[in-house]
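Participant: Chains V and B, in that order, give the protein sequences. Note that numbering that gives the first Met the number 0 numbers the first sequence so that position 214 is 213, with each residue one more than the last. Note that numbering that gives the first Met the number 0 numbers the second sequence so that position 263 is 262, with each residue one more than the last.
FYI, nobody ran anything at the bench for these hints, they're computed from the structure. Using N, Cα and C, we set each Cβ at its ideal position, and we do this for glycine too. Do not rely on the hints blindly, as some may be mistaken.
The following label-pair restraints were derived from C-beta to C-beta distances [stated by the list, open to error]: (1) V:Gly29 <-> B:Val302: 56 to 62 Å; (2) B:Ala307 <-> V:Thr56: 37 to 43 Å; (3) B:Thr2 <-> V:Arg225: 43 to 49 Å; (4) B:Gly84 <-> V:Glu65: 53 to 59 Å; (5) B:Leu163 <-> V:Val109: 40 to 46 Å.
Each chain, letter by letter, is given below.
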Amino acid sequence: MTALLETRGVWQRFGGLIANSDVSISVEGGEIVGLIGPNGAGKSTLFNLIAGVLPPTEGSIIFDGENVTRLPAAERCQRGIARTFQVVKSFETMTVIDNVIVGALIRTTVMREARAKAHEVLDFCGLAARADVPASQLIPSEKRRLEVARALATEPKLLLLDEVLTGLTPIEAQRGVELVRKVRATGVTVLMVEHVMEIVMPLVDRAIVLDLGKVLVEGKPADVVRDPKVIAAYLGDRHAVGA
Amino acid sequence: MDTAFAERRRRDLIVAACLAAIAALVPLFVKDVYVQNIMVLTLMYAALSQSWNILSGYCGQISLGHALYFGLGAYTTALLFTKFGVLPWFGMLGGGLISAAIALALGYPCFRLRGHYFVIATIVIAETALLLFQNWEWAGAALGIDIPVRGDSWLKFQFTRSKLPYFYFALVLACIAWFVTWWLEDSKWGYWWRAVKDNPDAAESLGVVVFNSKMGAAAVSAFLTAVGGSFYAQFVSYIDPESVMGFQFSLLMALPAVLGGIGTLWGPMLGAVILIPLSELTRSFIGGSGRGVDLIVYGALIVLISLARPQGLIGLFSRHRKEAVR
């Protein structure tokens, strides 16, 4: 089985700062993969490189058998990569349904079809009742759902979730987890950045831990959380020695 | 849910058709030439502001240099007619196409600028064009162009005895600008534009090609604005750089939309209907000594609106509509 997404020796430098150094990861079709790590580990940078916000300094990104390293974000979306933003970026003056229609328009230019698709996705994400409300009036957890809905409307093969579960109440987070499972059940591959381990570990099939811009450990969640290197990265060396 | 949306769109269309029909009947009762003149200008600015609204309201790229396209439309028509005998109708089309092409050429570098920097660029470019035309001998330089009167005819789009043909043409222009906006509002372009205005990064991540969206909006907006300029040249039959490319035109195109409701379908119309007669009347009441008083009135209105109803006057209507539903 070939990987849906692969990064090969990706480097990203911002002046003297190295945000990602020699990162090679791969994501298989149908997986839920968690990308975790302490603050400043380079998760968001790697995410932006995959989504196409900026090209990497070095290395290449292969999606669905195609080298997409130099493609802009909009074209990657066309090929099936969709994302959410850590700091939500709703279209505030537009209604919820209109926000989602923007995403749906990448697959059809017939407005009737785009609208129907948007309603379907809102229903799937549990936002149907809020369709005609301006996005600015949503509460934070609803805005996160809207981010997901908008991304799903583009009919992605790979969904990149940037801390969609962080900062939610336990109940909201649990609903979020259910939504992610539902998304995977429809055949969409999920790569999610989280830094709260308790939430993601039960959800993901595989976890990749980044630290200081490098891949530290990769494997089953249960193994990853027991790895001394991971504990050291999160809690400091003193605890790692104890483990 | 879909039906409610389709119904609202249909209702907008019906309301517009009714308003246009009523407007068409007004000259039967209003014979005063001075008032007719104000009505022509009101309709023209309604059309212009609606065109401005496409780029600046929907797509969010605030332009304070639309006088450039207005002037280009006026000059293209006047020059083609006086120098080559080309009928104004072709001048109108030519002016529109030239303006759209120039909007694209200017957009190519300028749409890399964001926010205030883009606004400043639009002002500077329009002022530069004004200076160029003031010094361009072949185009009449600062003296301008007198469009020779060859008698009343629709073919040459000249009417000396009555203002009515101008009135009806301005009405058609306003209807076209409105209809184009109505049609684009529920199209891929309309959605792309609003997404670009609200959040270009999010738009890009959803497959919106931000740069192309801005270029499209600029071309449509410039084309329609230039058609308005062509009309104005025929209407006043004398143009000089200051009277068709001056900065005040850029403002007069923006203000009705801002007052009525920027980025809305009805805002520019509503704004023009209030603002243009008000400005014309203040000017004639106060007379020559009060130059600039109309602008003071504008300023006061804008301050009031931004304090009381930042989304524009159209917001008053939508609130009432919602309350009525409840």
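Participant: Does each hint fit the structure? Answer for all of them.
Facilitator: Hint by hint, here is what the structure shows:
no.: 1; hint: V:Gly29 <-> B:Val302: 56 to 62 Å; verdict: holds, 59 Å
no.: 2; hint: B:Ala307 <-> V:Thr56: 37 to 43 Å; verdict: violated, 52 Å
no.: 3; hint: B:Thr2 <-> V:Arg225: 43 to 49 Å; verdict: violated, 57 Å
no.: 4; hint: B:Gly84 <-> V:Glu65: 53 to 59 Å; verdict: holds, 57 Å
no.: 5; hint: B:Leu163 <-> V:Val109: 40 to 46 Å; verdict: holds, 42 Å
In the structure shown, a violation is registered for the earlier hints numbered 2, 3, in ascending order.
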